[in-house]
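J.: Using the sequences and the hints given, assemble the complete structure.
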Amino acid sequence: MSRSAPSKVLIAFSSILLAHACYSAHEHSLLSTVLQSATPSAAGTPTTGSSLPLDITLETLVSVALLLVGIVSSGWELKPISLRKYAGLLESGQIVPDGMDAKSAKGKKKGLFDGLEERPGFLDIRKQRKEFADWIKQQDDS
Amino acid sequence: MNAEERDLQIHPIVPENVVANSKTIVDLHSLSSSLLGIAAGVLGLESYSGFLFYLLGTLFVSFLIITFPMGGKPNVYVRGGWKDVALADVTGGVMGYVLTWTLFFGLVRV
Chain A
1 MSRSAPSKVL
11 IAFSSILLAH
21 ACYSAHEHSL
31 LSTVLQSATP
41 SAAGTPTTGS
51 SLPLDITLET
61 LVSVALLLVG
71 IVSSGWELKP
81 ISLRKYAGLL
91 ESGQIVPDGM
101 DAKSAKGKKK
111 GLFDGLEERP
121 GFLDIRKQRK
131 EFADWIKQQD
141 DS
Chain B
1 MNAEERDLQI
11 HPIVPENVVA
21 NSKTIVDLHS
31 LSSSLLGIAA
41 GVLGLESYSG
51 FLFYLLGTLF
61 VSFLIITFPM
71 GGKPNVYVRG
81 GWKDVALADV
91 TGGVMGYVLT
101 WTLFFGLVRV
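First to last, the protein sequences are chains A and B. Take the first sequence: its position 109, counting from 1, is numbered 109 in the UniProt record's numbering, and each next residue is one higher. Take the second sequence: its position 28, counting from 1, is numbered 28 in the UniProt record's numbering, and each next residue is one higher.
The set of hints was computed from the structure by calculation and includes no laboratory data. It cannot be assumed that every hint is accurate.
Stated by the list, open to error - Covered stretches of chain B, going by a simulated chain A footprint (3 or more residues, C-beta under 8 angstroms):
(1) 4 to 13
(2) 27 to 39
(3) 42 to 55
(4) 100 to 108
Each residue gets a CB set at the ideal place from its N, CA and C atoms; glycine is no exception.
T.: Written out as structure tokens, the structure is:
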């Protein structure tokens, strides 16, 4: 997964925005409790948890939405599941198979069925027998 | 041989890619559900409104997944289409969501 530059910027910016919204909400709740204990007229009213100002609410929602957009759009690679399409992309080199990076895969054949095209050459069995006989002779001499 | 098996033989699929794609989608959902939990905690949502927020957030994330990595064609990458994207690992996502939700609710409002 390689992150693109715009999504990196988006993630950084919206993280800061989210942290700021979080801090603002904390400050707001702190402020309201302090104010309530300071003014005796308001001390009787219970603390309402969901009385966040509109700007903090909007900031939180916008920052999370931007953060999600940034994360999802940051170059997650999905591969097509149908064999026909996947093999076509492999052979045209648009997708690099697992266990290979783009450099080592260059120049090699990459298709799914290219293994069928390669086979080892014929075995020279007489030469191997001669080598084995020489080796046996050498063992006997020593 | 029923119709589905025959369809699989005519249009074969790559099982490794199915597994890898669903893993990526589950990763995205669990990551985003934690972030949604942060937002819900900061907003101070309680009970049903919190779960409603999670539902809306997950739908938004599914929409983003279908739009950005899939290019608007979920059937190419997931067997079940958009339903599989939206319903991938809902229970695990709720766990992460509730975790960060309660954490940030406590952090902000103490």
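J.: A separate judgement is required for each hint: does it hold in the structure or not?
T.: The hints, checked one at a time:
With a threshold of 8 angstroms between beta carbons, the proposed coverage of the stretch 4 to 13 of chain B by chain A holds, since 3 of its residues qualify and at least three are required. Given a C-beta distance limit of less than 8 angstroms, the hint that chain A covers the stretch 27 to 39 of chain B holds, as 7 residues qualify and 3 suffice. Remark: the stretch 42 to 55 of chain B is confirmed as covered by chain A, as 5 of its residues place a Cβ nearer than 8 angstroms to a Cβ of that chain, reaching the required three. Under a criterion of three residues with beta carbons nearer than 8 angstroms to beta carbons of chain A, the stated coverage of the stretch 100 to 108 of chain B is upheld, 3 such residues being counted.
Of the numbered hints stated above, none is contradicted by the structure.
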